[in-house]
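Generate coordinates for the entire structure from the input sequences, incorporating the hints supplied.
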Amino acid sequence: MLHVAVATRAFRRYSTYRAATVSGIFTNSVFGIIYSFAYLALWEANPTAGGYDAQDAVTYVWLGQALLMTIALWGGGTTDDLAERVRTGDIAIDLYRPVGLVGWYLASDLGRAAYHLLTRGFGPTVIGLVVFDIALPGSALDAAAFAVSLVLAVVVSFAIRFLVASTAFWLLDQSGVKVMSGAFAIFFSGMMLPLVLFPGWLGTVANALPWASYVQVPADIWLGKHQGVDLLAALSFQVAWAVVLLAACHGVLRLATRKVVVQGG
Amino acid sequence: MSRPNDGPLIDVRDLERTFDVRRRVEGRRRRVREQVVAVHDLTFSVDAGEMVGYIGPNGAGKSTTIKMLTGILVPSGGEVRVGGLDPSRQRVDLARRIGVVFGQRSTLWWDLPLRDSFELLQKMYRIPPARYRENLDRFVDLLDLGAQLDTPVRQLSLGQRMRGDITAALLHDPEVIYLDEPTIGLDVVSKGRLREFLRALNAERGTTLLLTTHDLQDIEALCDRVIVIDHGTSVYDGSLAGLHAQGGSRRTLVVDLVDEAPPIDVPGAEVRTVEGPRQWLSFPSDASAAPIVAAVAAAYDVADLSIQEPDIEDVIRDLYSRGA
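Read top to bottom, the protein sequences are chains A and B.
Mapping to UniProt numbering: the first sequence position 238 is 238, numbers consecutive.
Mapping to UniProt numbering: the second sequence position 129 is 129, numbers consecutive.
A few chain A positions that, by computed beta-carbon distances, are all more than 10 angstroms from chain B:
hint	residue
1	Ser29
2	Val30
3	Phe31
4	Leu40
5	Leu117
6	Pro137
7	Ala140
8	Leu163
Which residues of chain A face chain B? A partial, calculated answer using Cβ under 7 angstroms:
hint	residue
9	Met1
10	Arg13
11	Ile93
In silico SDA-like pairs for lysine to any residue, Cα to Cα no more than 20 angstroms straight-line:
hint	chain 1	residue 1	chain 2	residue 2
12	B	Lys191	B	His214
13	B	Lys123	A	Val4
14	B	Lys123	A	Gly103
15	A	Lys225	A	Ser236
16	B	Lys123	A	Ala5
17	B	Lys123	A	Leu2
18	B	Lys123	A	Arg97
19	B	Lys123	A	His3
20	B	Lys123	A	Asp94
21	B	Lys123	A	Arg12
Since the hints were made in silico from the structure, they are not lab data.
All C-beta atoms in this analysis are idealised placements derived from N, C-alpha and C, irrespective of residue type, glycine included.
Structure representation (structure tokens):
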């Protein structure tokens with residue numbers, strides 16, 4: 001109940017920034033169009049690159065734009081609140097509360113993600129559908145699996161962002177680590193280029209890293225590339241990273257509260 | 001609330017806390033590692049229902065102690081028990097039974113109306129709805145917050161926010177409440193109301209209060225007992241009257257004479273400063289001002305008189321200088 005209330009509150013808080021939302025949808029759409037033409041050129045040269053056809057490729061672009069803010073690929077989201085509260089010492093107040101910090105911030109981030117999905121996710125997808133005739137999930141099962149995969153993508157991304165924000169306990173400021181983590185995320189999530197195009201060992205490594213959960217896995221599920229046992233394996237991959245990373249969040253938080261002085265009186 | 005042991009509510013024994021600090025030293029390229037002792041050999045206990053002032057100069061270790069009492073800082077040594085729990089190991093369990101108020105930080109959510117913050121707290125502390133409504137009605141009434149319930153916290157005045165924070169800390173019926181400079185920045189009327197409220201809370205519900213403050217009047221209005229801490233250890237534990245006596249603190253009589261005069265000479269007081277017709281006389285806090293005032297009035301033409309109480313800093317400073 002508490003966590004639902006926390007998520008609802010985050011949803012409402014983000015929904016107050018209307019102008020930012022509209023300009024964000026516009027930006028996503030512009031980038032979607034640019035990337036679409038770039039990918040179309042690429043697939044014209046190699047019509048079966050990475051096992052995608054041209055429509056798959058363009059769909060992938062628009063899914064990426066829709067997911068960008070929903071999973072907070074660049075970092076940010078409610079974990080920025082955490083880093084800021086560590087920096088100012090207000091984190092002490094969070095620690096006085098009878099509730100786990102990881103669950104609290106996760107609930108909050110899911111509320112944020114829900115808002116960004118409905119606006120920054122849905123908006124560009126409609127544009128992509130109208131302008132580029134992107135593919136829709138082939139079956140109800142694929143659609144449902146995509147929904148689950150999307151939630152898992154947010155959880156994995158949250159956990160990584162939480163770990164990044166936690167560095168503020170030691171460094172007082174997360175921004176350097178955040179930039180670095182954002183660079184990893186954009187490359188290894190498949191946002192820049194689908195991981196299916198990564199050759200040899202680079203592809204193997206990229207597909208095993210947690211960032212693959214961000215865009216590549218949900219997009220492949222949407223495109224129907226995972227069926228049957230393979231679909232289960234794809235979702236299990238995300239679940240495994242979510243579990244491992246959330247456990248790491250708990251561990252780091254325990255270390256932080258044991259070792260580090262809460263700032264200020 | 002029932003506790004398994006009938007010992008004191010707060011029990012602190014031989015508490016230690018050191019911090020590693022890296023310090024830049026001129027002429028050395030690497031920073032030097034140093035150990036700073038924040039709390040050393042601290043022992044005290046507080047029974048349920050007590051109202052205790054926990055005072056000391058800046059950097060004495062007050063906040064460090066509170067952090068260890070609430071479990072957000074792990075002691076380097078010694079023992080802490082609050083309500084039979086080990087705070088740092090059972091922080092979340094303990095959090096349900098304590099309330100914390102900071103004068104300088106808010107526990108409310110700045111973007112939410114007060115009412116929404118309170119509702120979030122109800123869910124967080126799992127306060128039964130009936131109890132929640134009863135408490136909320138009572139505190140809103142006592143603290144006169146009715147008109148602000150639907151205002152976002154960021155739009156509240158400091159006094160309103162403070163009252164909101166106090167309500168937030170008490171909704172779950174904590175056994176003990178820690179107040180850190182609760183009246184800082186408040187005007188006289190707000191301070192008075194807040195003190196009255198805290199006194200009533202203690203009388204009606206037996207809530208234990210641990211108050212850190214630099215405002216002697218907070219202590220005088222609320223606390224029967226004072227613990228003074230300096231350099232991380234307790235240097236005084238007893239009544240406020242006893243603190244004045246032990247500290248040898250002095251009050252000041254400010255005399256405005258009709259005409260300039262040489263330093264006033266009356267028994268029991270000595271002149272500290274003379275500025276034109278105004279003179280400052282100091283006398284021990286535990287002595288009555290009446291005979292001194294009478295003696296001055298009998299011997300001189302007095303235009304005006306006022307008495308300045310010693311502030312807590314003076315009392316403590318005197319205490320240290322005597323102890324040293």
